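Undergrad: Protein sequences appear in the order of chains F and R.
Read left to right, the first sequence gives residues 1253 to 1450 (our numbering).
Read left to right, the second sequence gives residues 1253 to 1450 (our numbering).
The set of hints was computed from the structure by calculation and includes no laboratory data.
The structure displayed is predicted, hence computed values, not measured ones.
Cβ atoms here follow ideal geometry from the backbone N, Cα and C, with glycine treated the same way.
Do not rely on the hints blindly, as some may be mistaken.
To be verified - Rough simulated footprint, nothing fancy, chain R against chain F, three-plus residues with beta-carbon under 8 angstroms:
#1 1267–1278
#2 1300–1311
#3 1359–1368
Unchecked claim - DSS-like mimics (lysine-lysine), calculated; alpha carbons at most 25 angstroms apart, straight line:
#4 K1311(F) - K1311(R)
#5 K1311(R) - K1287(R)
#6 K1287(R) - K1311(F)
#7 K1287(F) - K1301(F)
#8 K1287(F) - K1287(R)
One letter stands for each residue in the lines below.
There are 2 protein chains.
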Amino acid sequence: MTRSSSPDPARRSERSRQAVLTAAAELVAEVGFGKLTIEAIAARAGVGKQTIYRWWPSKGAVVFDAFQAANENASGSLALPDTGDLAADLRAVLRPTADQLADPGFDNTGRGLVSEHQRDPALLREYRERLLDPLLEVTRERLRTAREAGQIDGDADLDLAVELLYGPMYYRWLHGLGPLDHAYADRLVDGVLRALRP
Amino acid sequence: MTRSSSPDPARRSERSRQAVLTAAAELVAEVGFGKLTIEAIAARAGVGKQTIYRWWPSKGAVVFDAFQAANENASGSLALPDTGDLAADLRAVLRPTADQLADPGFDNTGRGLVSEHQRDPALLREYRERLLDPLLEVTRERLRTAREAGQIDGDADLDLAVELLYGPMYYRWLHGLGPLDHAYADRLVDGVLRALRP
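Just need the whole structure built from these sequences, with the hints factored in.
TA: Have a look at this one:
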């Protein structure tokens, strides 16, 4: 905040909202999703419980927003680079994804969210609409450009292609099957590009 | 049961155990994992709650065993066919996997278990040791044979290969991204075999 505090209610609201998201992100990393409470988030954020319930229907919804806010800070707007080098562009997405999944601070939050999504279809739908579907669509879009440029097979199934890109890494993370690092991300990109070769 | 009932305690125990597993499998399909209770399982199985707690530490553990028992009944022992035709052998695993994930009766149980695994590292470890790791190992073993026969690349990374096989389908199921049918299973096998070509 570079500006001094102000009595403007909209700005005060936004400050409270940010404080709640920061508190939620910190706490979920500290205690895990299961033990996180709305009370603890409110206490750390310095707001009343009612303030949180006014904006979010559930603990899952707060953590989801905190998670999304952290992602936006980390990666800027959602887009895939298009340098013309498809392998490099895909590595530019999959390497940071591996870094994130390997980060112990993310791990707790991420597993908590997966757990909630599988119990709560409405939360899964929100996750898809706000995060997953846009990510898959920009990835398909980048592959579409590559297909038009003849860099991948003209008949390539792009729905399957994005699942081949993200599915294996997610599967490895979810089950703790092996290390998640740049070498793995690069091997995955190479494998998928071999599958998509013209 | 073709034999008449007997006072043999071991056999009576085994009957109770089977009744609990059947009740758990039925109930989780009916009410979902979240609403399932040990009380309801005991009532349907016609045993006392204490009988269940004597054998299983938690609801998750009962459902896990019910799930495994159902799987064993459906698929027999865990092995991959080796007809010499790698694509056919992989389809023979991935098609029934797609059928299972697409089955609404399985869906509730499966999502409940994923949710529990992500909350409970001990349950995830048990799932890996008893189901996932053996499945991945027989799959790697089949790929190893194919590699020795020169049917796939001599440098193929088999850990990555099994994640390419199972990860995308799991990712599609977990997020509800598209239909899970034999056509999808076959496209997935084709894609992975293209990635593994010599």
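Undergrad: It remains to establish, for every hint, whether it holds in the given structure.
TA: Hints versus structure:
Given a C-beta distance limit of less than 8 angstroms, the hint that chain R covers the segment 1267–1278 of chain F is violated, as 0 residues qualify and 3 are needed. Counting residues of the segment 1300–1311 of chain F whose CB lies closer than 8 angstroms to any CB of chain R gives 0, so the stated coverage by that chain is violated, three being the minimum. Check result for the segment 1359–1368 of chain F against chain R: holds, 5 residues qualifying (beta carbon to beta carbon below 8 angstroms, three or more required). About 23 angstroms separates the Cα atoms of K1311(F) and K1311(R), which keeps this hinted pair within 25 angstroms; it holds.
Simply put, K1311(R) and K1287(R) have alpha-carbon atoms about 11 angstroms apart, close enough for the 25 angstroms limit, and the pair holds. Taking the CA atoms of K1287(R) and K1311(F), the gap is about 19 angstroms. The hint holds against a cut of 25 angstroms. The straight-line distance between the Cα atoms of K1287(F) and K1301(F) is roughly 17 angstroms, inside the 25 angstroms bound, and the hint therefore holds. Taking the CA atoms of K1287(F) and K1287(R), the gap is near 20 angstroms; set against the 25 angstroms cutoff, the hint holds.
When held up to the earlier numbered hints, the structure conflicts with 1 and 2 and fits the remainder.
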